[in-house]
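Participant: Sequence:
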Amino acid sequence: MKTIFKNARVLAEHIEPDYPTGTCLVVEDNHISYIGDGADDVVTLLVDDEENDQVDLKGQTLIPSFIDAHVHLLQFGISLAKVDLRPCKSLAEIEAVIRRTAEARPDAARLLFRGWRHAVTGSHVLASTLDRVSARPIYVDSDDLHSAWCNTAALDEMDIRNKADPEGGRIHRDHEGALTGFLEEAAVLGIVWPFLGDAMSSEEKLSCLRSAIGEYNKAGYTAVVDMAMDETYWGLLLELKSAGELTLRVAAHFLVMPAKTDEENLAQVERVVRLHEKYNLATSPDLRVAGIKIICDGVVDGCTAAISHPYLNTGELVDPTWTPAALQVVLAAADAASMQCALHAIGDAAVSMAVNGLEALGTTGRRHRIEHLELTRPEDAQRLGRLGITASIQPVHLDPEYNRLWPPMIGHESCARAFAYREFHDHGARLAIGSDAPTAPHSPWNNIFNAATRRSFRRPQDEETFNEQYKLGLDDVFSAASHGGAYSCFAENMIGGLQVGKKADFIILQGDTKWSLDLSSLLASRVSETWLGGRRVFNGNEKL
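Residue 1 is where the sequence shown starts when you use my numbering, and the numbers rise one by one after that.
These aren't lab readings, by the way, just hints derived from the structure by calculation. One thing to keep in mind: the hints can contain errors.
Below 27 Å or equal to it, Euclidean Cα-Cα: the simulated DSSO-like pairs (lysine-lysine) are [stated by the list, open to error]:
id	residue 1	residue 2
1	Lys-58	Lys-502
2	Lys-241	Lys-2
3	Lys-514	Lys-6
4	Lys-278	Lys-205
5	Lys-163	Lys-278
6	Lys-502	Lys-241
7	Lys-82	Lys-260
8	Lys-278	Lys-82
9	Lys-218	Lys-205
10	Lys-218	Lys-6
11	Lys-6	Lys-58
12	Lys-218	Lys-241
13	Lys-205	Lys-241
14	Lys-218	Lys-260
15	Lys-218	Lys-514
16	Lys-278	Lys-502
17	Lys-502	Lys-82
18	Lys-58	Lys-218
19	Lys-514	Lys-58
20	Lys-82	Lys-2
21	Lys-2	Lys-278
22	Lys-502	Lys-2
23	Lys-260	Lys-205
24	Lys-260	Lys-514
Produce the entire structure from the sequences given, and follow the hints as far as they go.
Facilitator: Take a look at the structure:
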């Protein structure tokens, strides 16, 4: 049996609706078997066959589904139950929201929040501030997920008063050695997240994953590249797949944290190698281990990104979280096992170290990748394409509204080179767009708008831009949001576009889609249906 989608505007090659690839798409055995004119004799024969299904799209637009090339899916699902502090513009507003939440949830064992921005609180990130709001444990995730703010009850239940700083992280203390309530980098990933994860039952985590997957299908995604995998989380995904509930294709990068010795670092890699041997593109294409994730530095907002000069507001010169020698040992081990390396590098010093490390491997065909690339030197931006390094970018982070405080922190000269996407593209780098959810909203349209305009998706009518010279063309952005993600993990022959022979992964859009006439109309785009391998996994037309 075949399914015929007719009277459509199929946009397979260009995103401009006035130049559709065809008006008909046919699905057979989970794959696309035809794209073209609905009046073609081949289509007429299919329509006349009563065994085939027909879907009349009545002029609606059909485009490739999206691939989120950088997401933390479980954390996104967990975040859906946390109270969002992003709208708060002052410490007083944050306190008020936390107080109201405590009053509204008298039986909650813990109070969980997300979206706190460093610029709002400044140095007032103290356990005592939260203590006066509630005596119950309070955990506040920073907007970038690289910091956590906890009250005394939370610090006590984690039992970290006598715990040393982990490699690549920091548990902040005052001049007397008392905990302040502020944790950064590996202290968040290696202490706070595992503690809260252990406090949740498997069923609670599965419920969070189901919610996350549902939201992703609703937004038009059919595949993701997950960037913070561990064995427990992997087991949950396997359980969902076994039950037929995993309606996303997942390529996973397992987190490798810096340890004190090469042997400890290599032991982490070896665990991932064993999983990769069992779950890879050949053996398990829809749920597989792509490789490892390495965090080379922090974030600009927290003054933890490794840039090549001291921060202007702190006077501190921040080094990468890995030494070049330790990093090279891990990269070489993963590369030798035919795994992909994904390196978080935001500051230009971290980016240079990451590029140097990947260049030293000499394996340009492995499609290793660098995540974020927010501040780059011209020579490094040019090397990405030559070395076959995927530029994994998150345009939501270039939002002018959130980056106004960068000049006093890093200087105007550094800011002038921020998010140099056009430069990456023009020098031959493959681009893959991700949301970095839950550090930013997961909607693909926010990313597309920001990348094509360099304006704020939060205030689309505002003409303020951030380094407009680096904006991308609309076709290039849509390609990076679909084909780019597929290419980044060797899946481009299976997914990431509308072509005969590929999996039937696509979305149907509501209403007008003449985006080039008004780019702000991108943000009004709505997904009507999402199809995964010829199976509808989201139907926005159903009445609740």
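Participant: Does Lys-163 pair with Lys-278 here, judged by a C-alpha cut-off of 27 Å?
Facilitator: 36 Å, violated
Participant: Lys-205 and Lys-241 were given as a pair; does the straight-line alpha-carbon distance stay at or below 27 Å?
Facilitator: 15 Å, holds
Participant: Given the hint that Lys-58 pairs with Lys-218, test it: the Cα-Cα distance must not exceed 27 Å.
Facilitator: Roughly 21 Å separates the two Cα atoms, so the pair holds.
Participant: Given the hint that Lys-218 pairs with Lys-205, does the C-alpha gap stay at or below 27 Å?
Facilitator: 20 Å, holds
Participant: Do the alpha carbons of Lys-218 and Lys-260 lie within 27 Å of each other, as the hint requires?
Facilitator: With Cα atoms ~43 Å apart, Lys-218 and Lys-260 exceed 27 Å; violated.
Participant: Starting from Lys-218, check that the Cα of Lys-241 is at most 27 Å away, please.
Facilitator: 19 Å, holds
Participant: Do the alpha carbons of Lys-241 and Lys-2 lie within 27 Å of each other, as the hint requires?
Facilitator: 25 Å, holds
Participant: Regarding the pair Lys-278 and Lys-502, is the alpha-carbon distance no greater than 27 Å?
Facilitator: Judged against 27 Å, a Cα distance of about 24 Å means the pair holds.
Participant: Take a quick look at whether Lys-218 and Lys-514 sit within 27 Å of each other, Cα to Cα.
Facilitator: 21 Å, holds
Participant: Does Lys-6 lie within 27 Å of Lys-218 when you go C-alpha to C-alpha?
Facilitator: Roughly 22 Å between the alpha carbons, so the hint for Lys-218 and Lys-6 holds.
Participant: Holds or violated: Lys-502 and Lys-82, Cα atoms, limit 27 Å.
Facilitator: Not satisfied, since the Cα-Cα distance of roughly 38 Å exceeds 27 Å.
Participant: Is the hinted pair Lys-502 and Lys-2 satisfied, with a Cα-Cα distance of at most 27 Å?
Facilitator: 15 Å, holds
In summary, the structure is inconsistent with hints 5, 7, 8, 14, 17, 20, 21, 23, 24 from the numbered list given earlier, while agreeing with the others.
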